[in-house]
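Enquirer: Here's the letter readout for the chains.
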Amino acid sequence: MSGTILIQQAGNSVVTDLGRFRGPHYGLPVNGALDQYSAKAANILAGNPENAPLFELTGLDFRMTTTADLLIAVTGAPLTLTVGGRECTQWEPVSVRAGETVAVRGIHGGLRAYVAVHGSVEVPFLLGSCAPDTVVGFGHKLRDGDCLETLRSVPPIRHPYMDMPLFRLGVARPRTAHDHVVEVTDGPDYDEFGESANLLFSSEYTVSPRSNHIGLRLGGDLPERTTTGEVLSRGVPVGAVEVPSREELLVIHRGRGVTAGYPVLAVATSLGLDVLAQARPGDKVRFRRTTVAEATAAYRRSMQQLETLRESVSSVFNLLGIGGPAHWHEVPAAACG
Amino acid sequence: MSVSPFSPAPVQVFESGDAALRVVATSGDAERDWSTVHHLAEWLEACGAEGLHGAVPTYDSVLVEFDVLAVSAQQVRAFVGLGLRQLALAADDGAAPREFDVPVVYGGAYGPDLEAVAQHEGLSVEDIIRLHSSKTYVVRCLGAPAGSPMMDGPAFPLPVPRLKDPRLSVPAGAVSVAGRQAVIAPAVAPGGWQVIGQTPLTLLDIHRDPLVPYKPGDILRFRQIPEGEFADFAGHLMEAGR
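In the order they appear, the protein sequences are chains A and B.
For what it's worth, the numbering used here labels the leading residue of the first sequence as 1, then goes sequentially.
For what it's worth, the numbering used here labels the leading residue of the second sequence as 1, then goes sequentially.
If you're looking for bench data, these hints aren't it; they were derived computationally from the structure.
Backbone N, C-alpha and C define an ideal beta-carbon position, used for all residues, glycine too.
Treat the hints with care, as some may be off.
As the list claims (entries may be wrong) - To give an idea of the chain A side of the interface with chain B (calculated C-beta under 8 Å), a few residues:
# : residue
1 : A177
2 : V181
3 : L199
4 : F201
5 : F317
As the list claims (entries may be wrong) - Just a sample of chain B residues kept apart from chain A, beta carbon distances all over 10 Å, derived:
#  : residue
6  : F14
7  : E15
8  : R22
9  : E45
10 : V68
11 : E99
12 : G108
13 : S134
14 : T136
15 : I206
16 : R221
17 : R223
18 : G241
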């Protein structure tokens, strides 16, 4: 049974997924959820494939209602979540009855939150992804009054006596704070910065309000390039730390143009990019030097936690009779193309 | 068209974070380096190895992106080595490049930086237009934004400086130069290159596959048209002439 989600207050939200991985080869940014861990966790908690389309909320409050009973999960930065006026737990599956309003208020201690709906929502795809690309004019930035089709309904699951949370799956939540530590590995052009490269690890940086999904701008003591001359345009890795001006450090995020001509001093690790996704303007950032081998091991440990979570969710949902493989009529048309 | 075996340039591989590698061709021969990184990128795209997201080749380098969960940087390095050995064994297929004719209105509101570029080069506006429209351009790579065709620039005496204050919005179709490079903007985007003209053709169409009609190795030629003809081509998709 399908239903409709009505966006009552869009705030600053989009429908996205983990990104357009085939995009960079064609000159398009990868885009997708900036905090990948939280996005994956939301989908897993909602019983979805981790790459299913979901809502990414940046900073502002959000409200939606539904014509069908739903199962949702909200992750990311700390916030107040209410369903039909009752306060609910973040980072756990939450049951929503048809007609109830889901409200997300007061995102704090971070910038981005994720709302996944069991069965996901039907949206168009470009090169295998629904992630918005503002440059080519693709994607779904949500507006008040938007309606989205959801393809699966889940009968309400309620604690029989009290409005206690039904689930306690114990997913590891990222640390939240206003001072962030971001791990980086040496960039391919590290040597071009000579001794001044060390400044990156000894200084504290402040996140500028001009930061966005393309990149974060950080004020502080800047390493300086010791070489001169134009650099040929090259593919830029997501996470690249560059010094394009004398005012700010730039850390490239998932919305980046795929090619640029600035030397790459360092590269934020995959987990470091999730930390940066939650950094608010005015927050402090310190960089810690690590190696690719250590970063890879840390990332794999973190993904192992999500795999364990998926197993717990799967056994709980099986007991409750939620989910199971999608029927043919539940598969979004876009996923078949 | 060559049938001799392709001889890849030597390469150097640099770590670029936990999910990417930069492979740089180091023969010093710009044509051979370019050819090497593009052949390697195509091989990596086609090899179907699990965990490889894709390859972004430019002039002398290719960025190889991968899923850290499925493969490690070390394994991708091994793939790159394998790819280069395969390229050396395979004959160069030398697929014929396609050619694109690009009508351009130079100067005025269409090319607000034309006069500044002429002044910087110590040439007349007519000379700049002549040099820009008499060259045969090879698309070197697809770049930012939105699959822009990046090309080696026209034979100006001096490299063209970037704008001190990049524009917040440059229209689709803007024909620009910077350094020793030339480009056309497929979509509206901020830009720091000097805009000398604009083509009425549509480069990017998200309902078309591929999104842009050209690929690295294809040929572009610019042709001056009078302002009055701009509207005649407006909305036409850019298409290969042969």
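Enquirer: Which of the listed hints are broken here?
Expert: Per hint list: 1, 2, 3, 4, 5, 6, 7, 8, 9, 10 and 15 violated.
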